[in-house]
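Residue numbers (my numbering), protein chains in the order written: chain U, 95 to 615; chain B, 75 to 208.
In silico DSSO-like links for lysine-lysine, alpha-carbon gap of 27 Å or less: (1) K291/U with K321/U; (2) K520/U with K97/U; (3) K148/B with K550/U; (4) K99/U with K473/U; (5) K610/U with K148/B; (6) K153/U with K143/B; (7) K578/U with K329/U; (8) K200/B with K518/U; (9) K291/U with K207/U; (10) K147/B with K550/U; (11) K517/U with K200/B; (12) K172/B with K436/U; (13) K550/U with K143/B; (14) K99/U with K517/U; (15) K200/B with K143/B; (16) K172/B with K143/B; (17) K200/B with K147/B; (18) K153/U with K556/U; (19) K143/B with K436/U; (20) K200/B with K156/B; (21) K321/U with K378/U; (22) K200/B with K178/B; (23) K291/U with K376/U.
Footprint (simulated), chain B over chain U, 3 or more residues, beta carbon under 8 Å: (24) 172–182; (25) 189–200; (26) 254–265; (27) 423–435; (28) 508–518.
One-sided and incomplete, this derived list gives chain B residues near chain U with beta-carbon spacing under 8 Å: (29) D89; (30) I97; (31) G140; (32) A141; (33) L145; (34) E171; (35) P188; (36) S191; (37) Q193.
Read the hints as simulated data drawn from the structure, not as lab findings. Glycine is no exception: its CB is placed at the ideal position from the N, C-alpha and C atoms.
Listed below, chain by chain, are the residues.
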Amino acid sequence: MEKKKFYSTSGFEIPPFLQKYETDLSPPGEYPFIRGPYPTMYRGRRWTMRQYSGFSTAKETNRRFHLLLERGQTGLSVAFDLPTQMGLDSSDPMAEGEVGKVGVAIDTVEDMKILFDGIDLSKISTSMTINAPAIVLLAMYIVVAEESGIDPTLISGTIQNDILKEYTARGTYIFPPEPSMRLITNIFEYCSNHHPKFNTISISGYHIREAGATAVQELAFTLANAKAYVRAAIKAGLDVDVFAPRLSFFFNAHNDFLEEIAKFRAARRMWANIMKNEFGAKNKKSMMLRFHTQTAGSTLTAQQPENNIVRVTIQALAAVLGGTQSLHTNSMDEALALPTDKSATIALRTQQIIAEESGVANTIDPLGGSYYIEWLTDKLEEEAYNLIAEIEKVGVIEAISSGMIQRAIQDAAYQYQLEIDTKKRKIVGVNSYIQEENLEFDILEVDESIRDDQIKMIEKVKASRDNQRAENALKSLRSACEGKENVFPHVLEAVRARCTIGEICGTMKEVFGTYKPVDTI
Amino acid sequence: MSHKIRVVVAKPGLDGHDRGAKIVARALRDAGMEVIYTGLHQTPEQIVEVALQEDANAIGLSILSGAHKVLFKKVMDLLKEKNATDIVVFGGGVIPEKDIPYLKELGVKEIFGPGSSLQEIVDFVKNNVKPAGV
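Chain U with its partners taken away, still in its complex shape (with noise of 0.2 Å):
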C-alpha cells in the first residue's frame, strides 16, 4: 500500500515525527538573534497592534483613527489611496473612481494635518504605506508635527519606502529603479541625521508573498532586495552602521502555521549573517531583524466569511510565536470590501485576545528546539540561500527588469491555484464544506462625491497660498533632481510651500521619468 505523503505549503516532504532536540540556541537579543532581536521579547514589551486603516477623506479617517486607538490599538498604520500612492492629485483624468477607495486621499499637507488632528506624534508610531512617492509623505508628516509644535527629531514610525517588490509583486511604482534607488538612500541619509527615531525602509516580503510566491521565494526575494538597499547605501558613501540599525522588514502570515513560525526565526538568523558576514557590520542593531506582519488578505474567503476570524487567529498566533514586533490582523470581510467598524474592532480584539487570554507571550520563543521547528527553520533558510545567489548571479535589479522574479511568483501563483481548482489542496466553504448562503453583507462604501471634495480642498489650498514660494519651491526640487545633492530637504520646502503632491511627484517626473514595466504573460 502507498504511503499517504505530507508537504508543507513550500513543497518539502514532513516527516510524521522527530524525535531529537536542540539545546545549543543562542539566547534572544543574541547573534544571531533566532530566538528573537531583544532579551525580553514580549515579557518587556508587547508587539505593536498596528491595525492598517484608511479610507474615504482625512476626517473620516482620522474618525477611525480614534476609534481604533479609543479601543487599545497602540500604533497608527495608514492606507493611502492609489492616487496618492501613484503621486497624482485627485484632480488628475487617471484618479477617477480611486479617490478615497483603497485608502485615504492626501493631496497637500493641509490633508494630513486633519489626519492627525488630535494625535500626539511625539507619543505615538505611525506607520505609512508609502513607496513611490514616500519621501513626500513623510515630508509631510514632518511638517504636521513642526506645525504644530512637536520637535520634529522625536516622531517616530516606519514608511514603506521599499520599490523593488513594487516592480515585482506590489504595482505602485512611479520612477525608474535609479532615481527610485536614490530616493530611497537621500531618505536614508536625511533620516540619520534628523529623525532618528524613523524607520526609513520596511523591507517587505508581505507582497511578494500576496502575488501568489511560496515561503522560500518570500524570504529570498524579501532578503535579495534589502541587500541591494543595502549595498546602494554604501556605494552613496553611508556608513553601514548608521543606516542599517533603521531598516525594517514586513513579512506575511499566511496559512501554514509550522512553516510561519519557522519562516520568521529563518529571516532573523539570515539577516543577521548577512549583515554581519557580508557587509561587515560591527553594530547589533544592524544585524537585529524587527518586522512587522500582516495576516494574509489573500487567504480569505468571500464564501463563509465569519471563518476568516478563525484564519486570522491562527495566522496571527504564527507571527507572535515568529516573535514579531508589530502585527496587523485582517478583517473577516476583506475579501468583500472594506472593513466595517465592527469588524475592523473583532480584528484588533483577535490579537488582545492571543496578548492577555493565550498565554503564549509569557516565554520567548516558545518553540524554539522543537526539532521540527528547527529543521524547517534550517530547510527554509538553506532554500532561501539558494534562491537569493541564482538572483544575484544576475543582479537583483536585471532579475526585475528582465522579468525573471515576477514569472517565477506567477509560476507559484498559477500552481497554488490550480491546486484549489483540483481540490488537491482544499479551502473551506471554497471547494470542500460549500453551503448555500446570502453573500450581501454588510459592507462599507465610499461614495464616488468625495473626489469632488478632495478637488475643492486643493483649489482652496492653491488660492490662499504664496504662489511666489511654491513656484520657487519646486523650481528648485527640479535642478536638485538634475544634479547630485539630497533631495529630501528640497520635498519639505514644497511641502511647506502647500505644493501638492502631484505637482512635487510631477516635478520629479519630469527628470526621473516613468517606469516600463516589461511583460511577463
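Could you slot chain B onto chain U? The hints should help.
Frame of chain U, contents of chain B only:
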C-alpha cells in the same frame, strides 16, 4: 485566419493587484485561446483601443480597488461609441454582490468574485464567446 478565441485581459485604473488577472490570462491561454494582457494602470480608452486593434472577441476586466462601477461603465460606454458591443465583457476582483446587477445592466456579461475556479471562467468564455470567422 486563426479561429481561436481572442481575449484581452485588462487592468483598468491604478490598482496594482494583478495576481488574479495573470492567473486567468494563463488559464485561458492553456485552454487554447489567444490572450493579450494589457499590464497595469490602463485607462478605459487604452483598453478599448487594444481590444479593437487586436480584434478581440472578449475583454476580461480585473479590479480590486473598488473603482469598478466607474471604470466598467467607461469601458462599456466606449464600446458602444465604437460600435463594438459584440465584444463580450466579463470581470472579476473584489466586487460586492450588490454591485453585480448594476454592472450587468451596463452589459457586463458575468462577474467572477473571489473563490471562482479557473474552470468556471474558461467554461464561461467558451460558452459565450465565438471566435471570428466561425
